[in-house]
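S.K.: Numbering of the sequence shown is given in the numbering used here, commencing with residue -5 and proceeding in unit increments.
Keep in mind the hints are simulated off the structure, nothing from the lab.
It is possible that part of the hints are untrue.
Claimed, not checked - Pairs of lysine to aspartate or glutamate, DMTMM-like flavour, derived with a Cα cap of 25 Å:
no., residue 1, residue 2
1, 55, 72
2, 55, 37
3, 55, 38
4, 55, 74
5, 55, 36
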Amino acid sequence: MADGAEPRHESGGWGWVLALVGVVTLLRVVYVVWFCPYGLVEDEAYYWLWSRHPDWSYLTKGPGVAQAIALGTLLLGDTEAGVRLTAPLWGALLAIGVAGTAGRVAGGRGGPDAARVARARWWGAAPTSA
């Protein structure tokens, strides 16, 4: 900055990221808990059974899926909402991670846009997705 120009900072980039991720996550949780009209599909029911029998690993996945569902059912009981509760929360962490990675790769630019794209993609996904 030999010409005396001030560095340009993206104003409110992370504030918007966190606000967007928070609002979309809240809407997804509200949908999952109160408005989702769908019963469990086969995979969800299978993972729910895993959550009732903790183990180090399962046939196709590690223990994380079972542990996440166990947390949801601990909070909301053995209901569809309990099984699906943590999916939007993991989706929020994904969006923030994508934003952070994109920000590092793009030198500080692109992180907020990447989070918006990640959440928008998940917003339009199947009802049981994050």
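S.K.: When the structure is checked against the list of hints, which entries are broken? Sort them ascending.
M.R.: Result: no hint breaks.
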